[in-house]
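From first to last, the protein sequence lines are chains H and U. At position 40 of the first sequence the residue is numbered 34 (this note's numbering), and the sequence of numbers has no breaks. Count along the second sequence from 1, add 113, and you get the number used in this note's numbering.
Careful, some of the hints might be misleading.
[Claimed, not checked] If you only want the chain U side, here are some residues facing chain H, beta carbon under 8 angstroms, derived:
| id | residue |
| --- | --- |
| 1 | 120 |
| 2 | 138 |
| 3 | 142 |
| 4 | 145 |
| 5 | 219 |
| 6 | 221 |
[Claimed, not checked] Every beta carbon over 12 angstroms from chain H, so not counted as near; a handful from chain U, in silico:
| id | residue |
| --- | --- |
| 7 | 174 |
| 8 | 181 |
| 9 | 204 |
| 10 | 207 |
| 11 | 223 |
[As the list claims (entries may be wrong)] Computed beta-carbon distance windows for the label pairs:
| id | chain 1 | residue 1 | chain 2 | residue 2 | range |
| --- | --- | --- | --- | --- | --- |
| 12 | U | 164 | H | 47 | 15 to 25 angstroms |
| 13 | U | 192 | H | 62 | 41 to 51 angstroms |
| 14 | U | 127 | H | 65 | 29 to 39 angstroms |
| 15 | H | 107 | U | 130 | 21 to 31 angstroms |
| 16 | U | 167 | H | 58 | 41 to 51 angstroms |
The hints are simulated quantities; they were obtained by calculation from the structure and are not laboratory data. By construction, the Cβ of each residue, glycine as well, lies at the ideal position given by its N, Cα and C atoms.
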Amino acid sequence: GAGVSQSPSNKVTEKGKDVELRCDPISGHTALYWYRQRLGQGLEFLIYFQGNSAPDKSGLPSDRFSAERTGESVSTLTIQRTQQEDSAVYLCASSLYGIPEAFFGQGTRLTVV
Amino acid sequence: AQSVTQLDSQVPVFEEAPVELRCNYSSSVSVYLFWYVQYPNQGLQLLLKYLSGSTLVKGINGFEAEFNKSQTSFHLRKPSVHISDTAEYFCAVSGPYNQGGKLIFGQGTELSVKP
């Protein structure tokens, strides 16, 4: 695809369940970012992958959050034992190495009920 | 580490008036600076970016921003706004890739253009 693709676009889950959010970056983009955007708020950095380097996980809010990326392709953000405060739009972005312009997906809207 | 402060959470303005959205950053290294726009119920779109060179950067939709290193600012301006400019605007900063490169955003400024 031409852009960053995220799935699902919407997810409703029960409190305590685990969820997986998927991000397909633009082909060839070595950098991949995950952000969380709560209603009416800014973008909260979660995690950053750059090529084969160790990911920057400094933004993950708790050990219930984890993310993986296979090489320079798909990434999965997993939230275990979801809580109501996890409700937000989760945004993924990717960029080329050395060109710091990030392209964003449309996001996954997560609602924990 | 880098950080970004957007000084105004909301900016109401009348159509055809000029507007300035303020952004200050802090960083111990050289930075790249960005403004993104988010229209209602849509994803983020890049408005403009400063990487190097001229400190006055022009972007899409008639917006421009000026990088001021001494004041660590990157304010966004438009001489005459339209109703369609109503959106959330985010300032962002990143450091060089060889020193991290992750993109950090401000809290956003909601621009509301009224007729």
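Against the structure, the hints come out as follows:
Taking 8 angstroms as the C-beta contact cut-off toward chain H, the hint placing residue 120 of chain U at the interface is violated, the least distance being around 13 angstroms. Because the beta carbon of residue 138 of chain U sits about 14 angstroms from the nearest beta carbon in chain H, more than 8 angstroms, this interface hint is broken. This hint is violated: residue 142 of chain U has a C-beta 13 angstroms from the nearest C-beta of chain H, more than the 8 angstroms allowed. Look at residue 145 of chain U: its Cβ gets to within about 5 angstroms of chain H, closer than 8 angstroms, so that hint holds up.
Taken as an interface hint, residue 219 of chain U checks out: its beta carbon lies about 6 angstroms from the nearest beta carbon of chain H, inside 8 angstroms. Below 8 angstroms, beta-carbon pairs count as interface contacts, and residue 221 of chain U has one with chain H at about 5 angstroms; its hint therefore holds. With a cut of 12 angstroms on Cβ distances, residue 174 of chain U stays outside the contact zone with chain H, its closest approach being about 17 angstroms. No beta-carbon of chain H comes within 12 angstroms of the beta-carbon of residue 181 of chain U; the shortest separation is about 19 angstroms.
Annotated as non-interface, residue 204 of chain U brings its C-beta within 12 angstroms of a C-beta of chain H; the closest such distance is 10 angstroms. Not every Cβ of chain H is farther than 12 angstroms from the Cβ of residue 207 of chain U; the closest lies at roughly 5 angstroms, contradicting the non-interface assignment. A beta-carbon of chain H is positioned within 12 angstroms of the beta-carbon of residue 223 of chain U; the least distance is around 9 angstroms. Under the hint 15 to 25 angstroms, the C-beta atoms of residue 164 of chain U and residue 47 of chain H, about 21 angstroms apart, fit the expected range.
Separated by about 47 angstroms at the C-beta atoms, residue 192 of chain U and residue 62 of chain H satisfy the suggested range of 41 to 51 angstroms. At roughly 51 angstroms, the beta carbons of residue 127 of chain U and residue 65 of chain H sit outside the given window of 29 to 39 angstroms. Checked against the hint of 21 to 31 angstroms, the C-beta distance between residue 107 of chain H and residue 130 of chain U comes to roughly 43 angstroms, which is inconsistent with it. The hint said 41 to 51 angstroms for the Cβ distance between residue 167 of chain U and residue 58 of chain H, and at roughly 45 angstroms that hint holds.
Checked against the numbered hints listed earlier, the structure breaks hints 1, 2, 3, 9, 10, 11, 14 and 15; every other hint is satisfied.
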